[in-house]
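Sequence lines, in order, name chains W and A. Each residue of the first sequence is one higher than the last, beginning at 1 in this note's numbering. Each residue of the second sequence is one higher than the last, beginning at 1 in this note's numbering.
Hints were generated in silico from the structure; no laboratory data involved. Treat the numbers as computed from the prediction; the structure is a model and nothing was measured. The beta-carbon is built from N, C-alpha and C at its ideal position, and this holds for glycine as well. There could be a bad hint or two in this list.
In the PhoX-like style, the derived pairs of lysine-lysine whose C-alpha atoms are separated by at most 25 Å in a straight line are [unchecked claim]:
#	chain 1	residue 1	chain 2	residue 2
1	W	Lys233	A	Lys265
2	W	Lys147	W	Lys72
3	A	Lys239	W	Lys92
4	W	Lys92	A	Lys207
5	W	Lys233	A	Lys272
6	A	Lys404	W	Lys270
7	A	Lys312	A	Lys194
8	A	Lys265	W	Lys72
9	W	Lys92	A	Lys404
10	A	Lys278	W	Lys72
11	A	Lys356	A	Lys312
12	W	Lys30	A	Lys265
13	W	Lys28	A	Lys194
Covered by chain W, according to a simulated footprint, are these stretches of chain A (three or more residues, beta-carbon under 8 Å) [said to hold, decoys possible]:
#	segment
14	201-210
15	213-222
Taking CB as the label site, the calculated pair distances span [said to hold, decoys possible]:
#	chain 1	residue 1	chain 2	residue 2	range
16	W	Met1	A	Lys190	27 to 33 Å
17	A	Lys200	W	Asp57	53 to 59 Å
18	A	Gln416	W	Leu98	44 to 50 Å
19	A	Val16	W	Asp40	35 to 41 Å
20	W	Thr136	A	Lys329	50 to 56 Å
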Amino acid sequence: MANEIIFKEELAPEVKLIKVRAPLIARKAKSGQFIILRVDEDGERIPLTLIDWNPKDGTITLVFKEVGASTKDLGKLGVGDAIHDLVGPLGKPSEIPLHSKVCVIGRGVAIAAAYERAKKMKEAGNNVTAIISARTAKQLIFKEQLKGVCDKLYMVTDDGSEGAKGYANDFLISLLESGEKFDLVYAVGAATLMRSISETTKPYKIKTIVSLNSLMVDGTGMCGCCRVTVGGKPMFACVDGPDFDAHLVDFEEFRARIHMYDEEERIALKIAGECGCRC
Amino acid sequence: MLEFRLKQVRMPELPVEERLKTFNEVALGYSEEQALAEASRCLQCTRPLCVEMCPLHVDIPEFIKLVRLGNYGEAAEKIRQKNCMPSVCGRVCPQEVLCAMGCKNTIGDPINIGALERFVADWELETGAAVPEIRPSTGKSVAVVGSGPAGLSVATELAKRGHHVVVFEALHEPGGVLIYGIPEFRLPKKVVKKEIDYVKKLGVEIKTNVIVGKTLTVDDLFDEGFNAVFLGTGAGLPKLLGIPGENLCGVYSLNEFLLRINLMKAGLFPHKSKTPIKVRGRVAILGARGMDAARSALRLGAEEACIFYQRKVVGRTDDIRRGLEEGVKLHSSTKPVRLIGDEKRWVKLVELVKLKPGQPDRTGKPKLIPEPGSEFLYSAETVIIATEHVPNTIAATNTTRNIKIAEKNKTIIVNQETLEAAIGIFAGGDVVSGAASVIKAIEAGKRAAQSINAHISKH
Ligand SMILES: Cc1cc2nc3c(=O)[nH]c(=O)nc-3n(C[C@H](O)[C@H](O)[C@H](O)COP(=O)(O)OP(=O)(O)OC[C@H]3O[C@@H](n4cnc5c(N)ncnc54)[C@H](O)[C@@H]3O)c2cc1C
Ligand SMILES: Cc1cc2nc3c(=O)[nH]c(=O)nc-3n(C[C@H](O)[C@H](O)[C@H](O)COP(=O)(O)OP(=O)(O)OC[C@H]3O[C@@H](n4cnc5c(N)ncnc54)[C@H](O)[C@@H]3O)c2cc1C
Ligand code: FES
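Let the sequences and hints guide you as you build the complete structure.
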């Protein structure tokens, strides 16, 4: 069955991994790309990063956090269920450097995307450092897998329950201040994280790439919902990105735009919760 | 009696006060009695100009004659021989500049050909359209990229000739602009779905959620054994204005606004749809293509919807009249200068400038130029940018086949006669012509089908 979920695992509270049968996407996927899916007939189109793909068995792996109505609906599907609509791969593949010293930074559910990137960077022969962060130890996902693909792995939690206590950005600052050098920094996570990392690396002139998780509808360049300003120019995150040079991104605008529908999303969540069904 | 003959039978419409409460269709269609009365006005010309003016050359007098005889099924069949989507064209074709413009009923109103077409097509879809005879399988197969009117037209024609056709569509629903662009109150999606069901009954396979150029490439399609490829990918990319403030919250492209409402059913949020849309206060629509957006905004509770444009609002005469009746405001000879936001980056004001006639341009028409000092502000909480659209070239560029694309407007360059873009690859509809019309896309599909048929019969 197309789009069938063949494996499901809870990685952390509200963070789930699913393996889905999608042979065409698995055949074409490249690092940094994403898919768009709709859980059911009335569903919203939501983008999720491709964390892994296997052209041989025709499956793709997605990792998502249940933050709102659509991701909660997705979380309700189990092994054997099919996702109503699934399209991809979307977006530009990421540029993987060669012979470089890179630092990959991810927070929360986005550690999954950071892992995908770290793995590809390592396979290409780079020296890879990863800094993963979360609120608390339980949310540090992909630890074991990351150990396998990183030369150095640092963990940071807000509450100090695992690794260093504090924030990823402060940790990066201390690394840089202690003389650590990187050719490239890649950061993925919430807008505030990506912005602070970008501000940190700018004075050091370290090339920094971020994956912008703009709001999207079609994901093919049709609507412009995902538009961001990069280097003063309008760009569509779904076709020109999602990766962009962090030092050129207008984060202020980006942040405002991803919160455009917060009020509506709360209503949707309330309705989904109140009557306990998807009516 | 004479009075009756001179005047067109008016199509019943939803009363204005009813319209804004729902997205229900506004034009209600003729009753049988009305259709018979209108059909009786046709002069049955021997050399009918209406047929010449129709891009598909539908035999109009003949189908009207069949209506008079009460043979609605045969009348529909007559149209279908030339036009694969009569119930759609009856609703959205600008008949006033096509068939009806050729109507020689010079002493009275032209015949309402569109309304009669719609009447018989709806009658046929209600009672179940007869599936025409399909030739035995030729063993050849054709991949059609895009399921808008151009793609569906080419698929229909090739399926009838016995070829196996697979349509690939990027979105989760087939139909192109008919599904995601034209609103429900002008073209109910139920009608489009019935026309698509008809295409499927001819044996055409439709695969949604496949982006050619991403999920599969044109090269992959040939590798899979397709004998020819048709690109009917439309002109669906928005062109922004390039003015300051365009990325403020509350600013939509026409496509985003209509996609959310039509494809994602944002009007039914939060109960029957999970996709939100924000329409608050006054809505400014910037550009001549904004009538559908303005009418939709009023239905979603806008206090006011005002279209700012330069020369002429795009749309069928009837639809513009209906929009004005519903309260859409028009403001011509203006151009937006910038959008101004509040401290939370939500749009709150549009600055515009008035335009005045200047030196004549190449066509001899005076060019509109900004009138210094005429800048003014319009307060709006939602802004929709309704300017031009350009083709999406994902399918045409991600291939090793040599498909040429015009530098300026991104259209695919084809042999004008055969619509061939490269060996075995054909293209038609908006992707070749730039944003045009449903009937022109259908015509291109038919023409391409002939060339494809000739091409695959040879190879
Ligand atoms: C290219 C891309 C790749 C992505 N990859 C992943 C992924 O691999 N795993 C994953 O869990 N999520 C990913 N996301 C984000 C994911 O698409 C959203 O979490 C999802 O659409 C939320 O839908 P919802 O209805 O459940 O929540 P909503 O009800 O839409 O939102 C709930 C809350 O989350 C916030 N929110 C929603 N979307 C975003 C966003 N894009 N960025 C920041 N905050 C947001 C809202 O403001 C709101 O407060 C990605 C987004 C993009 C654009
Ligand atoms: C708001 C609006 C109102 C309109 N009103 C009217 C009207 O009243 N009367 C009229 O005659 N005309 C009208 N038009 C114009 C008319 O709709 C178009 O000219 C017509 O739909 C063009 O048909 P098409 O098949 O070429 O393209 P489209 O209808 O645009 O269909 C193209 C399809 O191809 C798909 N596609 C694109 N790229 C890919 C890819 N790489 N892989 C797979 N699929 C792909 C798209 O998703 C889309 O479904 C209107 C247009 C708009 C936008
Ligand atoms: S999501 Fe529609 S253009 Fe990017």
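Each hint tested on the structure:
1. W/Lys233 to A/Lys265: violated (31 Å)
2. W/Lys147 to W/Lys72: violated (30 Å)
3. A/Lys239 to W/Lys92: holds (21 Å)
4. W/Lys92 to A/Lys207: holds (24 Å)
5. W/Lys233 to A/Lys272: Violated, because 37 Å separates the two Cα atoms, which is more than 25 Å.
6. A/Lys404 to W/Lys270: violated (51 Å)
7. A/Lys312 to A/Lys194: Cα-Cα ~34 Å, so violated.
8. A/Lys265 to W/Lys72: The hint holds at about 20 Å.
9. W/Lys92 to A/Lys404: Holds, at roughly 22 Å.
10. A/Lys278 to W/Lys72: Given that 25 Å is the threshold and the Cα spacing comes to 23 Å, the pair holds.
11. A/Lys356 to A/Lys312: Distance of about 14 Å is within 25 Å: holds.
12. W/Lys30 to A/Lys265: Answer violated: W/Lys30 to A/Lys265 is near 32 Å, above 25 Å.
13. W/Lys28 to A/Lys194: violated (34 Å)
14. 201-210: Contact hint for the segment 201-210 of chain A vs chain W: holds, 3 residues under 8 Å.
15. 213-222: holds (count 3)
16. W/Met1 to A/Lys190: 27 to 33 Å: Given about 28 Å between the Cβ atoms, the range holds.
17. A/Lys200 to W/Asp57: 53 to 59 Å: violated (31 Å)
18. A/Gln416 to W/Leu98: 44 to 50 Å: holds (47 Å)
19. A/Val16 to W/Asp40: 35 to 41 Å: holds (36 Å)
20. W/Thr136 to A/Lys329: 50 to 56 Å: holds (55 Å)
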